[in-house]
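Number of protein chains: 2
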Amino acid sequence: MYSIGIDIGGSKIAAGVVSEEQKLVSKKSLPFPHTGNPLDSIRTIQTLIDGLLSENRLKLEDAACIGLAVPGSIDYDRGVVINAYNLDYHDFPLCKLVGEHFPGVTVYVENDANAAALAEYYCGAFRGYSSGLLITIGTGIGGGLVMDGKLFIGGKKNGFEFGHAVLVFGGEPCTCGQRGCIESYCSAAALVREGRKAASAHHESAMYKRAQGELTRINAKLVMDCAREGDEVASAIYKQYTDYLGATACTAIALFDPEIIAFGGGVSNDGEFLLSPIREYARQYAFFKNHAKFVTAEMKNDAGIVGAAMLHLQR
Amino acid sequence: MYSIGIDIGGSKIAAGVVSEEQKLVSKKSLPFPHTGNPLDSIRTIQTLIDGLLSENRLKLEDAACIGLAVPGSIDYDRGVVINAYNLDYHDFPLCKLVGEHFPGVTVYVENDANAAALAEYYCGAFRGYSSGLLITIGTGIGGGLVMDGKLFIGGKKNGFEFGHAVLVFGGEPCTCGQRGCIESYCSAAALVREGRKAASAHHESAMYKRAQGELTRINAKLVMDCAREGDEVASAIYKQYTDYLGATACTAIALFDPEIIAFGGGVSNDGEFLLSPIREYARQYAFFKNHAKFVTAEMKNDAGIVGAAMLHLQR
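One line per chain: the protein sequences are A and B, in this order. Residue numbering for the first sequence follows numbering that gives the first Met the number 0, beginning at 0 and increasing consecutively. Residue numbering for the second sequence follows numbering that gives the first Met the number 0, beginning at 0 and increasing consecutively.
Just chain A, with the same shape it has in the complex:
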């Protein structure tokens, strides 16, 4: 038995074969076809799967499942993507459409942040634990929570929107329409926003100089590099940013009390530079003193594929 995992993103669709030993043994990808017709993406997915099957000489009847990860909200009972704005999927019967080409194979769909958490659970940082929270830091904040070995998708099964818990009441506007969400303070985009704001007020700062006065050149890596090198303005911004992440971790500890919390996304690449200040914040303020350990995510770019391929183990 093997399973197929597909990570459908706004720029590309990545597909892979995961063996019974839970190893990603083969993968390939194609650009997401932004043609205006979401059915074109179904053909891309089918082409990718056909390719993997033939290249790896796999029989369809040996597939445990085809799992799909999408950046959006899911109707689990119907296998329908309610909304995935980057993909232009709206009330889109993804499982049924993909499955038509592969009779007899069960097709599952999951939110990509949840799939990534599942990948950590079966193959990455959460191995050996029964509960873990993955916080993926990107343009937004992706949250995936495993409790008692199961993905946590809430009482009404609408999903888990960790990034849209309120952290700063009345604060910065969030894409969701609320103000002060975790996402609007802890995303990489928030770090960039604050970095640019500070650089524009401090032309003497290393950030401003490195960007040669063009604020749009300031990205998360630049802010972090300047902070690491001791620039005062960047350090203050980064300190504030890690305090927001620390408070977010404390909220997660008070509410979910997971055994482990993993941080993913580019911001987490330089592990301890991110984890140390979060650890220190939690040591001081977490409600439970025997709280979660903090680590960086392990599955990186393959998290979506691997987690999607594991979905059959959850249903």
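No incorrect hints appear here.
Identical copies carry no separate label here, and so any pair may be met within one copy or between two of them.
Pairs of lysine-lysine residues, derived as DSS-like cross-links and limited to a Cα-Cα distance of at most 30 Å, are as follows: (1) K22 x K155; (2) K155 x K238; (3) K292 x K156; (4) K149 x K288; (5) K11 x K220; (6) K95 x K26; (7) K288 x K95; (8) K95 x K58; (9) K11 x K149; (10) K95 x K27; (11) K149 x K292; (12) K26 x K58; (13) K58 x K27.
Read the hints as simulated data drawn from the structure, not as lab findings.
Position chain B against the provided structure of chain A, taking the given hints into account.
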């Protein structure tokens, strides 16, 4: 079969008999003995139970359980109260001590906010639902969450500290040592704090006049009464307070997505005056549009007893 529920509070210990039909058929209480020796409270508990058994002519061997609710943190595996500051219980083997007097009966202990949520689940506002969040508004904020028919006590089983999620990063100091916790903005004590602050700055306000200039006379009911009667200063404070509660509800919806959210405590007595602004806030800002319904708690003062008596159904 019947079960015994005991609600151990800092002022009194209340005990009751709950029938197999989940009705509270008999109850009695005694003051909590603040003698400095917590073993004295064990004797009080045993006296209450002995009284209930004899008055109701119940046989010990017909008891499904003795359930205990305490305002504190629990080590579930050991049946030990880790800390209940109001009771001066610290690493206190409550189940074992109570049980010694009642051989053959299983004794359980639970946090009182969780027990109250359980009472709503089996006998109150959550009947017919499999998930619900109870937010009890008092001096602090008590949170109890039922998911899939089970009390939610986190991955490490330290408990569920809903009141200590961060709502206003860097805001008012909380008793837990953090700043800006839900508790420090949504408790009745927070409403009083803000009411007094506003009254002291507005001697022309109805709040100040009603209190005859003595700020300590301002309690949550007075602020709400003045707001209801249209006093501008009190109305502004109350609007802000319900906005905090609205944002708290939105956080709960994004994270737990329960079918129902119930508000308890004195502040919730005048149902719609509290619920309407929270509903309006959530209508505008909740991440999931098909979110939880909002109600007031039903179990009131008996919640702890009844929930404690139901603990055998959870283990």
